[in-house]
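**Q** If you read the sequences in order, they're chains C and H. Note that the working numbering has the first sequence beginning at 12, numbered continuously upward. Note that the working numbering has the second sequence beginning at 210, numbered continuously upward.
Please keep in mind that the hints were generated in silico from the structure rather than gathered at the bench. This structure is a prediction, so every number in the text was calculated from the model and none was measured. We put the CB at the ideal spot given by N, CA and C, even for glycine. Treat the hints loosely; a few may be bogus.
Stated by the list, open to error - Restricting the straight-line Cα-Cα distance to at most 30 Å, the calculated cross-link-like pairs of lysine-lysine (BS3-like) are:
| no. | chain 1 | residue 1 | chain 2 | residue 2 |
| --- | --- | --- | --- | --- |
| 1 | C | K72 | C | K195 |
| 2 | C | K38 | H | K289 |
| 3 | C | K72 | C | K92 |
| 4 | H | K289 | H | K252 |
| 5 | C | K38 | C | K72 |
| 6 | C | K92 | C | K195 |
| 7 | C | K92 | C | K38 |
| 8 | H | K252 | C | K72 |
| 9 | C | K72 | H | K289 |
Claimed, not checked - Okay, the calculated bits of chain C under chain H, using three or more residues with CB under 8 Å as the criterion:
| no. | segment |
| --- | --- |
| 10 | 30-36 |
| 11 | 61-68 |
| 12 | 150-162 |
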Amino acid sequence: MTEPGRSGRPQRRAAARPRDAGSWAPKVRRLAVTRRGRPGANVDGRRLTGPVQGFGQMWQKTYRMDLGPDIAPRQAIATWKAHFGEFWPAGSRFDNSLTGISPGDVALLDVGLGGGVRLSTGVFVLYADEESFTLMTPQGHMFAGWITFSAARTDPVTTVQAQVLMRANDPLYELALALGGHRKEDQFWIQTLTSLGRYVGAPPAPVRARVVRIDPRRQWGQAGEIWHNSMVRTLLRRATRIRGR
Amino acid sequence: MDEPAVSMGLRWVGDDAAVIDISGDVTAAAEPAFTSAYENAAKRGARRLVLNFGGLEYMNSGGIGMLVTLLVHASRHRQKLAAFGLSRHYREIFELTRLDEAITICDTEAAAVAAAS
Numbered sequence: 012m013t014e015p016g017r018s019g020r021p022q023r024r025a026a027a028r029p030r031d032a033g034s035w036a037p038k039v040r041r042l043a044v045t046r047r048g049r050p051g052a053n054v055d056g057r058r059l060t061g062p063v064q065g066f067g068q069m070w071q072k073t074y075r076m077d078l079g080p081d082i083a084p085r086q087a088i089a090t091w092k093a094h095f096g097e098f099w100p101a102g103s104r105f106d107n108s109l110t111g112i113s114p115g116d117v118a119l120l121d122v123g124l125g126g127g128v129r130l131s132t133g134v135f136v137l138y139a140d141e142e143s144f145t146l147m148t149p150q151g152h153m154f155a156g157w158i159t160f161s162a163a164r165t166d167p168v169t170t171v172q173a174q175v176l177m178r179a180n181d182p183l184y185e186l187a188l189a190l191g192g193h194r195k196e197d198q199f200w201i202q203t204l205t206s207l208g209r210y211v212g213a214p215p216a217p218v219r220a221r222v223v224r225i226d227p228r229r230q231w232g233q234a235g236e237i238w239h240n241s242m243v244r245t246l247l248r249r250a251t252r253i254r255g256r
Numbered sequence: 210m211d212e213p214a215v216s217m218g219l220r221w222v223g224d225d226a227a228v229i230d231i232s233g234d235v236t237a238a239a240e241p242a243f244t245s246a247y248e249n250a251a252k253r254g255a256r257r258l259v260l261n262f263g264g265l266e267y268m269n270s271g272g273i274g275m276l277v278t279l280l281v282h283a284s285r286h287r288q289k290l291a292a293f294g295l296s297r298h299y300r301e302i303f304e305l306t307r308l309d310e311a312i313t314i315c316d317t318e319a320a321a322v323a324a325a326s
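So here's chain C without its partners, still in its complex pose (with noise of 0.2 Å):
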């Protein structure tokens, strides 16, 4: 359908319900977690936080792996969906126990930083179709941004990959993320993609990384939002909780 618009040159309108429609989640302000048993305290009421509102220099992180010929790329995202949490390093959980991937829903996650730090935090089902998936994280998570995860035919192989696209959320994270957390978290997706790999019965392959930096600034002005940051909070409520005994 066409309509002229205001400026008099014609507007081609979208059909009425576009193609990816149930893709999407719908629109949400901030987060909402009621889970008995797991309050979700650093995620109910956060907002959403994508590359373009974090603190720290932006990185696009691509991890890639050949699966052979054997899976279609329809089942390594349908068996990724199934099992995600499973694929994670040991140390680290993802709880979508009561919901599952599918767009809109909200998945609570405790990963190990080492030296007894962890991060509870959790992560938000942005988009889900049947050859891609993306998270995006809440205030308080270690980085703000979207991390894809999709599957392409390159006949004759299958190929899965993890994508992020980040800004660390707060000047703290920024730093760890300098010392160390790149590297640790480089590991955690080439461990993931691995354990995939051997999950679908996939001959071993090396997973590919490739890092690029997108933009080197900082944006200080984002960077009250260290108020939020769930790992500052997990380690307090832990304090409080050894002081109370």
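Let chain C serve as the given structure and place chain H on it in line with the hints.
**A** Just chain H now, with coordinates in the frame of chain C:
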């Protein structure tokens, strides 16, 4: 890999304002076409970039990621970015991803060109 089902047209609406007309599917596969349109505009001295999404038929999260990359490039080169032609569905996606906080969204081309000033 599938061929990208997208086309990007570039036209000028002033000495320093370029409109990129986007038609089809905006996914990560559209990046070469998008980069080419942006670089042509930048090479000819565009200070204002206006994205026309009136022909947008499909967009996934890879496409949104590509827009963020464009936004960073434009910001580094002190170019202003605005958009128009977004259907309600895609406007909500811009709001959900908070991309609307960095790209001014307008109802008409004239308003978008003015907003990018």
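**Q** K72/C and K92/C: Cα distance at most 30 Å?
**A** OK: K72/C and K92/C at ~20 Å, within 30 Å.
**Q** Counting residues of the segment 30-36 of chain C whose CB is closer than 8 Å to a CB in chain H, do you get three or more?
**A** With 6 residues in contact (Cβ-Cβ under 8 Å with chain H), the coverage given for the segment 30-36 of chain C holds.
**Q** With a Cβ-Cβ cutoff of 8 Å, does the segment 61-68 of chain C contain at least three residues near chain H?
**A** holds (count 4)
**Q** Under a C-beta cut-off of less than 8 Å, do 3 or more residues of the segment 150-162 of chain C approach chain H closely enough to confirm the stated coverage?
**A** Answer holds; 3 residues pass the 8 Å Cβ test.
**Q** Measure nothing beyond the straight line between the CA atoms of K92/C and K38/C; if it is 30 Å or shorter, mark the hint as holding.
**A** 22 Å, holds
**Q** K252/H and K72/C: Cα distance at most 30 Å?
**A** 28 Å, holds
**Q** Hey, K38/C versus K72/C, does the alpha-carbon distance stay inside 30 Å?
**A** Holds, because 26 Å separates the two Cα atoms, which is no more than 30 Å.
**Q** Does K92/C pair with K195/C here, judged by a C-alpha cut-off of 30 Å?
**A** With a Cα-Cα distance of about 23 Å, the restraint between K92/C and K195/C holds, given a limit of 30 Å.
**Q** Is K72/C close enough to K195/C, meaning Cα to Cα at most 30 Å?
**A** Between K72/C and K195/C the Cα gap is close to 13 Å, so the pair holds against 30 Å.
**Q** Verify the proposed pairing of K72/C with K289/H, using a straight-line Cα cut of 30 Å.
**A** 26 Å, holds
**Q** With a cut-off of 30 Å on the C-alpha distance, tell me whether K289/H and K252/H pass.
**A** 15 Å, holds
**Q** Taking only the CA atoms, is the gap from K38/C to K289/H under or equal to 30 Å?
**A** Holds. K38/C to K289/H sits at ~26 Å (cutoff 30 Å).
In terms of the numbered hints stated before, the structure departs from none.
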